[in-house]
Amino acid sequence: MSYKEKQIWLSMLSMLIVFGWYFKSVWPELTQGANDIGFIAGFFVKAVLIVIVINIISHIVLYIINYNEGNREQDEREKLIELKAIRNAYYVLVCGIVWSGAIMLITQSVLMVANIVLFFFILSELTNYLSQLILLRSGY
86 MSYKEKQIWL SMLSMLIVFG WYFKSVWPEL TQGANDIGFI AGFFVKAVLI
136 VIVINIISHI VLYIINYNEG NREQDEREKL IELKAIRNAY YVLVCGIVWS
186 GAIMLITQSV LMVANIVLFF FILSELTNYL SQLILLRSGY
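Sequential numbering from 86 applies to the sequence shown in this note's numbering.
In short, the hints are calculated from the structure, not lab data. The C-beta atom is built at its ideal place from N, Cα and C for all residues, glycine as well. Just to be clear, a hint being listed does not mean it is correct.
As the list claims (entries may be wrong) - Distance windows between CB atoms, simulated: (1) Ser87 <-> Lys109: 30 to 36 Å; (2) Glu161 <-> Val133: 15 to 21 Å; (3) Glu158 <-> Ser223: 18 to 24 Å; (4) Glu158 <-> Cys180: 47 to 53 Å; (5) Glu154 <-> Ile122: 41 to 47 Å; (6) Leu190 <-> Asn120: 15 to 21 Å; (7) Gly186 <-> Gly118: 19 to 25 Å.
Claimed, not checked - Lysine to any residue pairs mimicking SDA-like chemistry, simulated, CA-CA at most 25 Å apart: (8) Lys164 <-> Ile219; (9) Lys131 <-> Leu211; (10) Lys91 <-> Ile137; (11) Lys91 <-> Ile219; (12) Lys131 <-> Ile219; (13) Lys91 <-> Tyr175; (14) Lys109 <-> Ala199; (15) Lys89 <-> Ile201; (16) Lys131 <-> Phe206.
Taking the hints into account, I'd like the entire structure generated from these sequences.
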């Protein structure tokens, strides 16, 4: 497995675990009609800080372990793979924003809509990571 793939796996797993915990904790409150912005904002800030710390520490450790491979410049293939993955993530994000607009017509809860938008931001980033992994593995 290449250095780039290891980086992607670390980032993807940290986002899955932390934001999985976030949505598991916050979603029941939102579906019951809770409007306590302090509670939800507190969970959000914790989730973001935890993801940042996990990514910084894990990428530093990965860089130390793979020092020679970590200093290598990206080639054209890797740049093209990144661009294609970003395109895929963009499609997911646009669909999510449209979906969120439809949800705004149904519900009056601003927190619900904000968390649905956040969910699609996370889903689009996970789509980016997964697309890169698939394209790197397929040797495109």
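Going down the list of hints, with the structure as the test:
1. Ser87 <-> Lys109: 30 to 36 Å: holds (32 Å)
2. Glu161 <-> Val133: 15 to 21 Å: 33 Å Cβ-Cβ, so the 15 to 21 Å window is violated.
3. Glu158 <-> Ser223: 18 to 24 Å: holds (22 Å)
4. Glu158 <-> Cys180: 47 to 53 Å: violated (34 Å)
5. Glu154 <-> Ile122: 41 to 47 Å: holds (45 Å)
6. Leu190 <-> Asn120: 15 to 21 Å: holds (19 Å)
7. Gly186 <-> Gly118: 19 to 25 Å: At roughly 21 Å between Cβ atoms, Gly118 and Gly186 fall inside 19 to 25 Å, so the hint holds.
8. Lys164 <-> Ile219: holds (14 Å)
9. Lys131 <-> Leu211: holds (19 Å)
10. Lys91 <-> Ile137: Roughly 17 Å between the alpha carbons, so the hint for Lys91 and Ile137 holds.
11. Lys91 <-> Ile219: holds (13 Å)
12. Lys131 <-> Ile219: violated (31 Å)
13. Lys91 <-> Tyr175: Holds, because 23 Å separates the two Cα atoms, which is no more than 25 Å.
14. Lys109 <-> Ala199: holds (16 Å)
15. Lys89 <-> Ile201: violated (30 Å)
16. Lys131 <-> Phe206: Given pair Lys131, Phe206 holds - Cα atoms ~17 Å apart, limit 25 Å.
This entry does not satisfy hints 2, 4, 12, 15, going by the numbered hints stated previously.
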